[in-house]
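Same order as they appear, the protein sequences are chains A and B. Okay, so the first sequence: first residue is 1 according to the numbering used here, each after it adds one. Okay, so the second sequence: first residue is 1 according to the numbering used here, each after it adds one.
No wet-lab data here; the hints were simulated from the structure. Built from N, CA and C at the ideal position, the CB exists for glycine as well. Mixed in with the good hints there might be a few duds.
What the hints assert, rightly or not - Heads up, incomplete: computed chain A residues facing chain B, CB under 8 Å, no partners named:
1) L161
2) V172
3) A173
4) A251
As a plain string of letters, each chain reads:
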Amino acid sequence: MKADSLPTPRRWSAAGRSNRNRGLFLAGLLLVLGLLSALSVGVGTRDVALADVLAGLGGRLDSIGQAAVAVRIPRTALALLAGAALGLAGAIMQGVTRNPLADPGILGVNMGASLAVVVGVAWFDIASAQAYIWTAILGAGGAAVFVYVIGSLGRGGATPLKLALAGAATSVAFSSMVIAVVLPRNDIAGGIRSWQIGGVGGATFERILPVLPFLAAGFAIGLLSARKLNSLALGDELAAGLGERVALARAVASLGAILLCGATTAVCGPIGFLGLVVPHLSRLLVGVDHRWLLPFSAIGGACLLLAADIVGRIVARPAELDVGIVTAFIGAPFFIWIVRHQRVREL
Amino acid sequence: MTTVSSTLGRIVDGRQRRKSRWLFVIAVLLVLAAAIFALTLVLGQSFTPPGDILRMLLGETVPGTSFTVGQLRLPRAVLAALAGLSFGMGGVAFQIMLRNPLASPDIIGISSGASAAAVFAIVVLSMNGPAVSVVAVVAGLGVALMVYGLSFRNGVAGTRLILVGIGVSAMLESFIAYILSQAPAWSLQEAMRWLTGSLNGAQLGQALPLLVALALFGGLLLHKARDLDALRLGDDMAAALGVRVGQTRVVVMIAAVGMIASATAATGPIAFVAFLSGPIAARIVGNSGSLLLPSALVGAVLVLAGDYAGQFLLPSRYPVGVVTGALGAPYLIFLIIRVNRSGGSL
């Protein structure tokens, strides 16, 4: 009797409408992304006339304006890629750890990558782009495992609080090790300090090209694990009951996130808080289904990083603000807001 | 009757034993600090006979010594000792008040607040001298209030306060990085001072505001030492023992922030000294007495020894903050591992 009165058809249609809504959101977000990309090419510390922008996009380098545009194109591309990678990595980490505070910056993964790169540059004379990237990915992976192991010691496994504390402590520890490694080396200190803040300025296609395969692999693994992340979201027991190999699913998804973080950090330096903010905002738009959440986080991350980069170019004219500083200013208040308001267990 | 008097006797005995242990610890720490202080004065790149130093301290002009010791080593050692005392005492006051070793000012953003204000005052507003200290103290108090207010939700949970503090300090640190990247004469030395703390270029003039702050706020803290110790038992228990909890909190917070911020204005936020001193002091002292003074002395020993090691014992010259940071970071991780293992709260 009761089964008849269940509003099954309506619920299906509700789901359909929500899917249409999600489609609309997706279209809107892509539109925003397009607009921001155009802005990113057109706006900067130097005002460039529209004609010059178009000519510059066409590849001409006749005036200073056109040259400025030619510099902005790879920068925009890098911001797009890095933002998408960090947004997606954040969403994966929040899914894998089922932790609203997870973020490549907060969990110390970015700092692990940068410590590895700094050690590599200072002690092992790595120079090639490939070596940079592999070192960064190794560092990111090592830091992720380290933080997860520390955070899941003891009763209750990896609770949000324990993970966040372990990550923050590891980040602090790694950053003082970075300083200790860099400081005696005056020859590399200047370059590493500016890299350490995290930014997309000075990008060239030659620097972007080597990371593309790693990013592609990371995106593929990440997006393909959406279904597994949905199972994991039900809790380990239930996911295992549904036939999911929990540990394997976690490991594969984390590998994707580590590839994305490591490759991004190798080019841009550690950019924090983006991976925290974007998945939360995306969840507000499209809900908790990872098949939607992951692509949205990637696109949203690209939008946010582009926007942050544009803001950084405008607010401090004629100088520039590195994007890592802007994201910290957006992201840290957001982090505090989550700590205050979300139902974070054990807070 | 005999049982009562023997119990009483044991209590008196225990008290005396604890008292003498506490005094012994203080004496040992004092001697240690004084020894490193003397070592810093006597032995640098070159050896200076103690007799010359004594004559110089008594006001004579001794060629050579007046410069190397009077201008270089003495200000450095004095500043190191004062900053160490301030960081050690201010840090442990916070840890006791919030009953959590992670709640030290350098982790919850108060040191970075003071540092950000100091660097803003110096680079952007071109201020110097005691004015910088005042700005740093005010900003430190502001940040402390902000962190406290932001983590207030049906009372302040220690863990929420720590996470909020970590967020706030991330923001402040990127503010420091921004100001430094805008500074006209951007130098790595200056950057290091405001990011990890350094004693390079110390001058005797910087010591005066620090000394005043230490006397004022340190005196206030020591005056409140008994109430602060009662807070370790929990707010309710402390109130039952006759401590005015709210008032004690406010006074302790103002005094501790005042000390930390004035030290930060002089030397930068020397990494982890405030965080390390308390637990080390607790390990040595046990439960034999107040931690304030032992922790202050441990802080002084850490900064003096760290600075000496950073200058002369390591393969290249490091600012003191890097040395203490390298010591403190593994301890921070160790602390978290131990806490997670035991499963209890911090």
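Okay, the hints, checked on the actual structure:
no. : hint : in the structure
1   : L161 : holds, 6 Å
2   : V172 : holds, 6 Å
3   : A173 : holds, 3 Å
4   : A251 : violated, 22 Å
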